[in-house]
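> Go ahead and model the full structure; you've got the sequences and the hints to work with.
Each protein sequence line maps, in turn, to chains A and B.
Numbering follows this note's numbering, with no gaps: position 57 of the first sequence is 57.
Every number in this note's numbering is 107 more than the matching position in the second sequence, counting from 1.
Simulated from the structure, these hints should not be mistaken for laboratory data.
Some hints here could point you the wrong way.
[Said to hold, decoys possible] Short derived list, chain B residues pointing at chain A, Cβ under 7 Å: (1) Thr276; (2) Val536; (3) Arg720; (4) Ala727; (5) Ala728; (6) Gly729; (7) Ala732.
Note that beta-carbon positions come from the ideal geometry of N, C-alpha and C, so glycine has one too.
For reference, the chains in residue letters:
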Amino acid sequence: MNSFLSQEVPLQFYLILSAILFALGIVGFLIKRNLITVFMSIELMLNAVNLSFVTFAHQWHAVKGQIFVFFVMMVAAAEAAVGLAIIIAVFRARATLAVDRIDLMKL
Amino acid sequence: MNGSLHLWLIPLLPFAGFLINGLLGRRLPKALVSTIALLAPLAAFGVVLNAAAGVFGLGASAPQLPYSEICPVGWINVSTLHIDFSFVLDQLSLVMLLVITGVGFLIHVYSVGYMAHDEGYARYFSYLNLFLFFMTTLVLAGNALLMFVGWEGVGLASYLLIGFWFSKTTAAEAGKKAFIVNRIGDFGFLIGMFLLLANFGTLTFSEIATKLGQSAGWTGGVVTVIALCLLLGATGKSAQLPLYIWLPDAMEGPTPVSALIHAATMVTAGVYMIARNHVLFDHSPFALGTVAVVGALTALFAATIGLVQTDIKRVLAYSTISQLGYMFLGCGVAAYSAAVFHLMTHAFFKALLFLAAGSVIHGMGGEQDMRKMGGLRTKLPVTFWTMTVGVFAIAGAPGLSGFFSKDAILYSAFQQGGFGKVLWFLGLVTAALTAFYMFRLWYLTFFGETRSHDAHPHESPWSMLGPLVLLAVLSVCGGWVSFGGRFFEFLAPAVGPRAEAAGGDSLEYLMMAIAVAVAIVGWYVAHSFYSGKSEKSAALAASYPGGYKLLANKYWVDEFYGAIVVRPLTIFSTYFLSWVVDKAILGGFAWLLGGIATFAGALLQRWQSGNIRSYAAWLAAGAAAVLLFVTVPWASVLANFGIHLTMAGQ
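Spelled out as structure tokens, the structure:
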């Protein structure tokens, strides 16, 4: 079996890494002003969750977790396309990407 | 079993006419509307005649009376309560049906001429057919509930037809008044029905009669209360004291309506109802006495008001109330067959009088004030002669229908002895007054010089005169069915036998002579007052101004009711219901609810700042809260604080 993962790097490390990444994503999501950075923080959170999925899939020898990761990546790709399009549209309309200034909920 | 009589067709045919004319009448040609409207009652009359032929042994089959038809589907079945949709034909309902469909058909024919130029022609006939549907249902009903359906239905038709010219305020008001006053009576009927159901467990007339017959213990007490409740219902529908006030106002409707509904048929429903429930009344002498007193007082009261009315239709309206009082008097002295007899003859001659009055009004171009008529004898000859027959019939001229039936009632009252003689005397005075006001109407309308110069009287078309002539013939001959007591014997199985003549024939002849004598007195006074250019009536009115004003203002009964019922109700509605309940309580509550919503909205709208980062913060806080809720083992945490969660049901 795949001995080096389970022996050399324990499960907890992966999960702690995942948690750290997720927390970084949340903090970035909450405090950054630039819309693109906020967007990247969301991607970071998604990938932190992906890491947990893969870790557990490996731990339990179940393929479901890996399948979920593919789903998340697919949704993230779609979301990136739509999100970036929206960001471009917003920038064109407002000439700024500072989230504090984009609070009118109308054009 | 004998062949079916198809009783269900009798109400259903007019109902079909109502549906067709009511739904499509405006688009159909007038001739078709008339055809449908006339065929419906005519066909119903045919069905009734077929049944009558069977009963009198002329038809192919002779049905056993009472003959009933029950709808196989059933009607109301709730645990122990079973009420069938049943029609019952017995001698009483047969007589009523003959009158309703027969006279009803004649009045339909008359209406074709009378309403020819009205915009609501189809609407008028659909209402008229609807009335016949409900009236025949009322009469055929085998139980009190089905009768109540018809009872309410004729009230509806009456309302619709009184307010037929609804753009006229007085007509609309009169319709409402009739409906509301009838509601008071209906309340009595309803309470009576509930009491019947509670005490007898059934509403079927025949079963109630059987149960009453089985035990002699059914006297007074609850039976009296039931009978009095039913009497209240009857006084509403039949315009008796104290609920008579709607009928004079009901004259706002078209004249054929006054003839059909407010003279010949609907207003007699109360008399019919008492006769139908006569077993109940027989078991309660007190209720029966009340019926008699109400009848006699109403007869006299309405007749005195009729003395001074100047509107030709109002005279007839008060006369109708007075004659209905006679019928109640007849019921009250347990002479139900005499009451039904008077009901029948009254239907003939009062329908005749109303239709003739309608012909006069039609000829005068809508004028109803008798003071502006006069000298119409030569201008409207057919109307004059037929009305003469009606006037003589109601006044009690020997040989005519009213003479026999009125005499039968008065004789029965006299026979009761004791208090009955007082009632008989009241009836006799009423007879004199009746003769007076009818001849007053006759003289004022047809004799003397014409007092109107802008009217050009013309005789009515034959569609109106034909029914007049037929009704005149009936008014003459209608009373002859009582020769040898045959009519009373025929009705005996349904309403009980008439009391034996205690005084023999000589007493009856004496009674007749007295009745004729008082009628002649009434005629003589009217003749001396109104036949020429006499000033006697004006002089009499001037010498008793108080009495005249009392009568001319109808004893101020309307004003009295207005002061003690309507006015307090309006005050209560305005100051309590409107101001306190509606505006303060309900309005305040609505304002409070609205205020809470507005306030909460004002608070919550700050949440929707539009700031993405604040949304994100709330999102994160929410996620954290969910996480906390899911991951922390709350049960054990709480257990540390001594709180134990238990599942419901444990």
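> Taking the least C-beta to C-beta distance, is B:Arg720 closer than 7 Å to chain A?
holds, 6 Å
> Given B:Ala732 as an interface hint, is the shortest Cβ-Cβ distance to chain A below 7 Å?
violated, 14 Å
> Report holds or violated for the interface hint on B:Ala728, using the least CB-CB distance to chain A and a cut-off of 7 Å.
violated, 10 Å
> Grab the minimum C-beta distance from B:Thr276 to chain A and call the hint holds if it beats 7 Å, violated otherwise.
violated, 56 Å
> Close enough to count: is the Cβ of B:Val536 nearer than 7 Å to one in chain A?
This interface hint is violated because 90 Å lies over the 7 Å limit.
> Using 7 Å as the Cβ threshold, decide whether B:Ala727 counts as touching chain A.
Because about 6 Å separates B:Ala727 from the closest Cβ in chain A, which is inside the 7 Å limit, the hint holds.
> Does the nearest C-beta of chain A fall within a distance shorter than 7 Å of the C-beta of B:Gly729?
This hint is violated: B:Gly729 lies away from chain A, its Cβ roughly 12 Å from the closest one there, beyond 7 Å.
In the structure shown, a violation is registered for the earlier hints numbered 1, 2, 5, 6 and 7, in ascending order.
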